[in-house]
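Heads up: the sequence lines are chains A and B, in that order. Using this note's numbering, the first residue of the first sequence is number 114, and each one after it goes up by one. Using this note's numbering, the first residue of the second sequence is number 2, and each one after it goes up by one.
Don't take each hint at face value.
Think about it this way: if two alpha-carbon atoms lie no more than 30 Å apart in a straight line, the pair counts; the simulated DSSO-like pairs of lysine-lysine are [claimed, not checked]: (1) B:20 x B:45; (2) A:155 x B:98; (3) B:23 x A:155; (4) A:114 x B:53; (5) A:181 x B:45; (6) B:41 x A:114; (7) A:155 x B:68; (8) B:37 x A:155; (9) A:114 x B:68; (10) A:155 x B:72; (11) A:181 x B:37; (12) A:155 x B:10; (13) A:155 x B:42; (14) A:114 x B:37; (15) A:181 x B:98; (16) B:41 x A:181; (17) B:41 x A:155; (18) B:98 x A:114; (19) A:114 x B:45; (20) B:72 x A:114; (21) A:181 x B:20; (22) B:45 x A:155; (23) A:155 x B:20; (24) A:114 x B:42; (25) B:10 x A:181.
The following residues of chain B were derived to be distant from chain A, with all beta-carbon distances above 10 Å [said to hold, decoys possible]: (26) 13; (27) 16; (28) 20; (29) 25; (30) 27; (31) 58; (32) 61; (33) 63; (34) 67; (35) 68; (36) 88.
By construction, these hints were calculated from the structure, which means they are not laboratory data. Idealized CB from N, CA, C, for every residue including glycine.
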Amino acid sequence: KQEVTQIPAALSVPEGENLVLNCSFTDSAIYNLQWFRQDPGKGLTSLLLIQSSQREQTSGRLNASLDKSSGRSTLYIAASQPGDSATYLCAVRITGNQFYFGTGTSLTVIP
Amino acid sequence: DTAVSQTPKYLVTQMGNDKSIKCEQNLGHDTMYWYKQDSKKFLKIMFSYNNKELIINETVPNRFSPKSPDKAHLNLHINSLELGDSAVYFCASSRDKGMFFGPGTRLTVL
Chain A
114 KQEVTQIPAA LSVPEGENLV LNCSFTDSAI YNLQWFRQDP GKGLTSLLLI QSSQREQTSG
174 RLNASLDKSS GRSTLYIAAS QPGDSATYLC AVRITGNQFY FGTGTSLTVI P
Chain B
2 DTAVSQTPKY LVTQMGNDKS IKCEQNLGHD TMYWYKQDSK KFLKIMFSYN NKELIINETV
62 PNRFSPKSPD KAHLNLHINS LELGDSAVYF CASSRDKGMF FGPGTRLTVL
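I would like the entire structure built from these sequences, with the hints used as guidance.
So this is what it looks like as structure tokens:
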């Protein structure tokens with residue numbers, strides 16, 4: 114069964130710093146991988162989607178990479194801002210419309 | 002404009018009551034889901050429907066019963082609510098372009 118792990122569970126950085134969030138999965142037979150952001154008391158907002166044939170996707174200050182062979186994805190956030198503070202979750206999709214979520218990384222950007 | 006909507010946003014009720022949460026998506030997606038997020042923020046799949054047919058039914062108490070009247074709707078009915086049912090319940094839908102979530106329903110059982 115697919116297992117998705119996110120390390121660290123919590124991260125605190127000063128404003129302006131570049132940072133990397135990690136996502137690991139045990140079975141490389143994935144359809145795609147998606148990164149989400151969840152603000153306290155809110156739903157999940159999709160940030161980036163990487164298809165299994167892709168290596169990376171970029172949106173503004175965010176860059177997500179995918180290495181299927183090693184079962185890893187990273188979310189790079191450039192020039193972090195206090196508004197980036199949230200919990201970030203990754204999810205892998207396997208066949209049959211099944212998604213497996215990581216436990217999330219809680220990010221705090223200190224002004 | 003809302004892609005995936007849920008009602009109600011908050012639900013506070015007594016133990017033993019029966020309640021329903023409604024979900025609608027206007028994205029034209031074929032697959033809809035119900036997830037439960039516990040106090041530790043872990044998202045656990047409960048059910049998945051594809052074109053109104055149940056395709057995923059994880060181990061949840063049979064007090065939980067999903068109903069999909071059409072592709073755009075997936076409702077969740079809960080009988081005999083228990084304290085441990087308190088959580089945030091998220092509806093989601095998906096197609097090739099990934100998964101989209103509703104805003105969540107915070108259920109509190111007293």
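Against the structure, the hints come out as follows:
For the hint pairing residue 20 of chain B with residue 45 of chain B, the CA-to-CA distance comes to about 20 Å; that is within 30 Å, so the pair holds. Under the criterion of a C-alpha separation no larger than 30 Å, the hint pairing residue 155 of chain A with residue 98 of chain B is consistent with the structure, at around 21 Å. For the suggested pair residue 23 of chain B and residue 155 of chain A, the alpha carbons sit about 17 Å apart, so the restraint of at most 30 Å is met. For the proposed pair residue 114 of chain A and residue 53 of chain B, the alpha carbon gap of about 26 Å is at most 30 Å, so the pair holds.
Under the criterion of a C-alpha separation no larger than 30 Å, the hint pairing residue 181 of chain A with residue 45 of chain B is consistent with the structure, at around 24 Å. Taken as a hint, the residue 41 of chain B and residue 114 of chain A pair is honoured in the structure, with Cα atoms around 22 Å apart against an allowance of 30 Å. For the proposed pair residue 155 of chain A and residue 68 of chain B, the alpha carbon gap of about 24 Å is at most 30 Å, so the pair holds. Under the criterion of a C-alpha separation no larger than 30 Å, the hint pairing residue 37 of chain B with residue 155 of chain A is consistent with the structure, at around 14 Å.
Using a Cα cut-off of 30 Å, the hinted pair residue 114 of chain A and residue 68 of chain B holds, with the two alpha carbons roughly 27 Å apart. Restraint check for residue 155 of chain A and residue 72 of chain B: satisfied, since their Cα atoms lie roughly 25 Å apart, inside the 30 Å limit. Distance hint between residue 181 of chain A and residue 37 of chain B is fulfilled; the C-alpha atoms sit about 28 Å from each other, no more than 30 Å. Restraint check for residue 155 of chain A and residue 10 of chain B: the C-alpha separation of about 10 Å stays at or below 30 Å, so the hint holds.
Restraint check for residue 155 of chain A and residue 42 of chain B: satisfied, since their Cα atoms lie roughly 12 Å apart, inside the 30 Å limit. For the proposed pair residue 114 of chain A and residue 37 of chain B, the alpha carbon gap of about 19 Å is at most 30 Å, so the pair holds. As the CA atoms of residue 181 of chain A and residue 98 of chain B are separated by approximately 19 Å, the hinted pair is consistent with the 30 Å bound. For a cut-off of 30 Å, the pair hint linking residue 41 of chain B to residue 181 of chain A stands: about 28 Å separates their Cα positions.
A distance of roughly 15 Å separates the Cα atoms of residue 41 of chain B and residue 155 of chain A; the hinted pair therefore holds under the 30 Å criterion. Simply put, residue 98 of chain B and residue 114 of chain A have alpha-carbon atoms about 23 Å apart, close enough for the 30 Å limit, and the pair holds. Straight-line distance between C-alpha atoms of residue 114 of chain A and residue 45 of chain B comes to about 14 Å, which keeps the hinted pair within the 30 Å bound. For the suggested pair residue 72 of chain B and residue 114 of chain A, the alpha carbons sit about 28 Å apart, so the restraint of at most 30 Å is met.
Proximity of residue 181 of chain A to residue 20 of chain B is assessed by CA-CA distance (about 42 Å); at most 30 Å being required, the pair is judged violated. Distance hint between residue 45 of chain B and residue 155 of chain A is fulfilled; the C-alpha atoms sit about 16 Å from each other, no more than 30 Å. In summary, the hint linking residue 155 of chain A to residue 20 of chain B is supported, as the alpha carbons are separated by about 21 Å, within the 30 Å threshold. Distance check on the hinted pair: residue 114 of chain A and residue 42 of chain B sit about 21 Å apart at the alpha-carbon level, within 30 Å; holds.
A hinted pair counts as satisfied when its Cα atoms are at most 30 Å apart, and residue 10 of chain B with residue 181 of chain A does not qualify at roughly 37 Å. Residue-level check passed: residue 13 of chain B sits 15 Å from the nearest beta carbon of chain A, beyond 10 Å. Listed as outside the interface, residue 16 of chain B is consistent with that label: its C-beta sits roughly 24 Å from the nearest C-beta of chain A, beyond the 10 Å cut-off. Every CB of chain A lies more than 10 Å from the CB of residue 20 of chain B, the least distance being 20 Å, so the non-interface label holds.
With 10 Å as the threshold on Cβ separation, the claim that residue 25 of chain B sits away from chain A holds: the shortest Cβ distance comes to roughly 14 Å. Chain A leaves residue 27 of chain B outside its interface by the beta-carbon criterion, the shortest separation being 16 Å against a cut-off of 10 Å. Under the 10 Å C-beta cut-off, the non-interface status given to residue 58 of chain B relative to chain A holds; the minimum distance is some 12 Å. Remark: the non-interface label on residue 61 of chain B is consistent with the geometry, its nearest Cβ contact in chain A lying 16 Å away (cut-off 10 Å).
Consistency note on residue 63 of chain B: stated as away from chain A, and its beta-carbon is indeed over 10 Å from all of that chain's, at 21 Å minimum. Distance to chain A confirms residue 67 of chain B as a non-interface residue, since its nearest Cβ pair spans about 15 Å, more than 10 Å. For residue 68 of chain B, the condition that its CB be more than 10 Å from all CB atoms of chain A holds, with the nearest at approximately 19 Å. Once the 10 Å rule is applied to beta carbons, residue 88 of chain B is consistent with being away from chain A; the minimum gap is 13 Å.
In summary, the numbered hints that this structure violates are 21 and 25.
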